[in-house]
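Trainee: Position chain B with the ligand relative to chain A; hints supplied.
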Amino acid sequence: MEDFKLMKGNEAIAHAAIRCGADGYFGYPITPQSEVMETLMDLKPWETTGMVVLQAESEVAAINMVYGGAGCGKKVMTSSSSPGMSLKQEGISYIACAELPCLIVNVMRGGPGLGTIQPSQADYFQSVKGGGHGDYRLIVLAPSTVQEMADFVGLGFDLAFKYQNPAMILADGIVGQMMEKVVLPPFKPRRTEEEVRQECPWGTTGKLPNRKRNIITSLALEAEVMENINLKLQAKYREIEKNEVRFETHHCEDADYVLVAFGSIARICEKAMEMAREEGYKVGVLRPITLFPFPTNPIKELSKKVKGFLTVEMSAGQMVEDVRLTVNGAVPVEFYGRMGGIVPSAEEILAALKEKLIK
Amino acid sequence: MTTKDIINPANLVYSKAKLMTENPMHYCPGCSHGVVHKLIAEVIEEMDIQDKTIGVAPVGCAVFAYNYIDIDWQEAAHGRAPALATAIKRLQPDKFVFTYQGDGDLAAIGTAETIHACNRGENIAIFFVNNAIYGMTGGQMAPTTLEGMKTATCPMGRNTELNGYPLKISNLLAELDGTCYVTRQSVQKMASIVRAKKAIRKAFENSMAGKGTSVVEFVSTCNSGWKMSPHDSNKWMEENMFPVYPLGDLKDTEKK
Ligand SMILES: Cc1ncc(C[n+]2csc(CCOP(=O)(O)OP(=O)(O)O)c2C)c(N)n1
Numbered sequence: 001m002e003d004f005k006l007m008k009g010n011e012a013i014a015h016a017a018i019r020c021g022a023d024g025y026f027g028y029p030i031t032p033q034s035e036v037m038e039t040l041m042d043l044k045p046w047e048t049t050g051m052v053v054l055q056a057e058s059e060v061a062a063i064n065m066v067y068g069g070a071g072c073g074k075k076v077m078t079s080s081s082s083p084g085m086s087l088k089q090e091g092i093s094y095i096a097c098a099e100l101p102c103l104i105v106n107v108m109r110g111g112p113g114l115g116t117i118q119p120s121q122a123d124y125f126q127s128v129k130g131g132g133h134g135d136y137r138l139i140v141l142a143p144s145t146v147q148e149m150a151d152f153v154g155l156g157f158d159l160a161f162k163y164q165n166p167a168m169i170l171a172d173g174i175v176g177q178m179m180e181k182v183v184l185p186p187f188k189p190r191r192t193e194e195e196v197r198q199e200c201p202w203g204t205t206g207k208l209p210n211r212k213r214n215i216i217t218s219l220a221l222e223a224e225v226m227e228n229i230n231l232k233l234q235a236k237y238r239e240i241e242k243n244e245v246r247f248e249t250h251h252c253e254d255a256d257y258v259l260v261a262f263g264s265i266a267r268i269c270e271k272a273m274e275m276a277r278e279e280g281y282k283v284g285v286l287r288p289i290t291l292f293p294f295p296t297n298p299i300k301e302l303s304k305k306v307k308g309f310l311t312v313e314m315s316a317g318q319m320v321e322d323v324r325l326t327v328n329g330a331v332p333v334e335f336y337g338r339m340g341g342i343v344p345s346a347e348e349i350l351a352a353l354k355e356k357l358i359k
Numbered sequence: 360m361t362t363k364d365i366i367n368p369a370n371l372v373y374s375k376a377k378l379m380t381e382n383p384m385h386y387c388p389g390c391s392h393g394v395v396h397k398l399i400a401e402v403i404e405e406m407d408i409q410d411k412t413i414g415v416a417p418v419g420c421a422v423f424a425y426n427y428i429d430i431d432w433q434e435a436a437h438g439r440a441p442a443l444a445t446a447i448k449r450l451q452p453d454k455f456v457f458t459y460q461g462d463g464d465l466a467a468i469g470t471a472e473t474i475h476a477c478n479r480g481e482n483i484a485i486f487f488v489n490n491a492i493y494g495m496t497g498g499q500m501a502p503t504t505l506e507g508m509k510t511a512t513c514p515m516g517r518n519t520e521l522n523g524y525p526l527k528i529s530n531l532l533a534e535l536d537g538t539c540y541v542t543r544q545s546v547q548k549m550a551s552i553v554r555a556k557k558a559i560r561k562a563f564e565n566s567m568a569g570k571g572t573s574v575v576e577f578v579s580t581c582n583s584g585w586k587m588s589p590h591d592s593n594k595w596m597e598e599n600m601f602p603v604y605p606l607g608d609l610k611d612t613e614k615k
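Protein sequence lines, in the order shown, are assigned to chains A and B.
The opening residue of the first sequence carries number 1 in our numbering; numbering runs sequentially from there.
The opening residue of the second sequence carries number 360 in our numbering; numbering runs sequentially from there.
These are calculated hints, taken from the structure and not from any lab test.
Since the structure is predicted, the reported quantities are computational estimates derived from the model, not experimental observations.
Careful, some of the hints might be misleading.
Claimed, not checked - Derived pair list, reagent style DSS-like, types lysine-lysine, alpha-carbon separation capped at 30 Å:
#1 B:Lys411 with A:Lys162
#2 A:Lys207 with B:Lys557
#3 A:Lys207 with B:Lys556
#4 B:Lys375 with A:Lys207
#5 B:Lys610 with A:Lys212
#6 B:Lys570 with A:Lys44
#7 A:Lys207 with B:Lys411
#8 A:Lys207 with B:Lys570
#9 A:Lys207 with B:Lys561
#10 B:Lys411 with A:Lys44
#11 B:Lys411 with A:Lys212
#12 B:Lys377 with A:Lys212
#13 A:Lys212 with B:Lys557
#14 A:Lys212 with B:Lys397
#15 A:Lys212 with B:Lys556
#16 A:Lys207 with B:Lys397
#17 B:Lys411 with A:Lys188
Same shape as in the complex, but just chain A (with noise of 0.2 Å):
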């Protein structure tokens, strides 16, 4: 029998940490994801591990701990809520930049500014275009149960180092507060300096006399240079839009009508898809899995189909912009939203759905 746990999204993405063989964590509290370094501060895996654990003193030294630690070829990740990302942005590019691979979890809550500690979805942009300066893309994936929770710091790391890009778990302040069973990823011991060695061989891990010197850098001043390096991400960028798309449907095959949402807000749509269906709907649900890589094809396809979609989010409307771009005006593509840490319900997305497109 599998043994489950009950436990939050935070907690689960801490015990997950430890279980995947994370090297070190690197953080600074704010709510709605401090049980994070709370739990893995409780389970001190430093003394079964070996995994470092530190509380710093800002989100941007965090990032650039991270940054540190990811140059060394080490399994180093951090998590944070949206005005802690907002700081860490400037880190997060030399990482793109420099092709390092680390781990980078935002537990949305409603800004902009301090804005609330309630729950929302309003970093997608900041997430899924950028966030900081340049060109750039982290792999993102949006969890909807604790379950998720634990299993994509595992594929999130995997697809990390498989890329030599950064990844990120965008999950909203719902999905790391609620408290859900869980089966937690076995354990996997943490690599050997020589495993890092062979798996990271640009990694920072010390000059032998048989390698050249590394370096972990992301700056070039000829712009020839710099130009070689963008195409190089941009190809990466691809590779990644064409292996990596996850996504989930329900009832999608012979639906009219299709919610599009992520996150806990797939999981309110879900409900409200089943009460659309009981009064004769046919409404079907798309999540998307990973933000970047988006799904567009499965999109794409459906909108040959459909009558509609409605993108459903905790913000002013901002997956739906990709929506809309991926359907490119084959169909109406709506949108239904709450701010400020407001929470949809199901029967306010059904109403929204027959008035936006039903009629």
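Mentor: The following block gives chain B with the ligand in isolation, referenced to the frame of chain A:
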């Protein structure tokens, strides 16, 4: 004595440090950075720790430090070198980890990272080149710019009413329980170079002995930024910088 005798290795009195690469240096002639680089390279060579040393370069004139010393390097964002070094050292405790930073990097934009790395007593060495100016960006005012000193952003001279006072950051760092060794050196004369090199070695040794953070400040010149000849710069430094930033050990102990 024939030429052959002169080039006999036994008669060698000076040579390029073995760990210095062949890359031509981008530093201005007369700049202190080059000398400090060479001393660090010599110490790494003498301690035989090339395979165990990781440097963290700053944003500033020394951004390309990684081009010159043949070890593994990471190039940090402006001011964040101590944060990178913290993680590198904690994740690889058997390595010698140092940062190399200018005064703007260490004492303006990176003040928080500097103070907190020192306050945690990270077992790293911090090499701090204080030339009282922002060299790389063209000679603007630094936190360490002297009172009355003219720069591109205080062309009438630093006015304490407007800009505050020269920041004696090393004195501040010496107050922290996490630092074990804080010293102020210079590299304008043979005797000072010898002392500076000893300080570098001590900082490296402290970091491996787990004594806490070592900070070696090099009171330096920036003849381009100061708009003086290298010779005049050295003289100006001795006359004007040393009274504000007096040389010598500020602290030499174990962390608490
Ligand atoms: C975030 C950020 N702000 C500003 C800069 C521009 N900048 C580059 S170097 C520098 C000052 C460096 O001065 P200092 O640390 O004293 O070193 P020096 O060049 O004198 O050796 C500044 C402001 C930058 N690269 N990044």
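Trainee: Evaluate each hint against the coordinates.
Mentor: Evaluation of the provided hints:
no., hint, result
1, B:Lys411 with A:Lys162, "27 Å, holds"
2, A:Lys207 with B:Lys557, "24 Å, holds"
3, A:Lys207 with B:Lys556, "22 Å, holds"
4, B:Lys375 with A:Lys207, "20 Å, holds"
5, B:Lys610 with A:Lys212, "37 Å, violated"
6, B:Lys570 with A:Lys44, "24 Å, holds"
7, A:Lys207 with B:Lys411, "7 Å, holds"
8, A:Lys207 with B:Lys570, "25 Å, holds"
9, A:Lys207 with B:Lys561, "22 Å, holds"
10, B:Lys411 with A:Lys44, "28 Å, holds"
11, B:Lys411 with A:Lys212, "14 Å, holds"
12, B:Lys377 with A:Lys212, "15 Å, holds"
13, A:Lys212 with B:Lys557, "28 Å, holds"
14, A:Lys212 with B:Lys397, "19 Å, holds"
15, A:Lys212 with B:Lys556, "26 Å, holds"
16, A:Lys207 with B:Lys397, "18 Å, holds"
17, B:Lys411 with A:Lys188, "28 Å, holds"
This entry does not satisfy hint 5, going by the numbered hints stated previously; all others are met.
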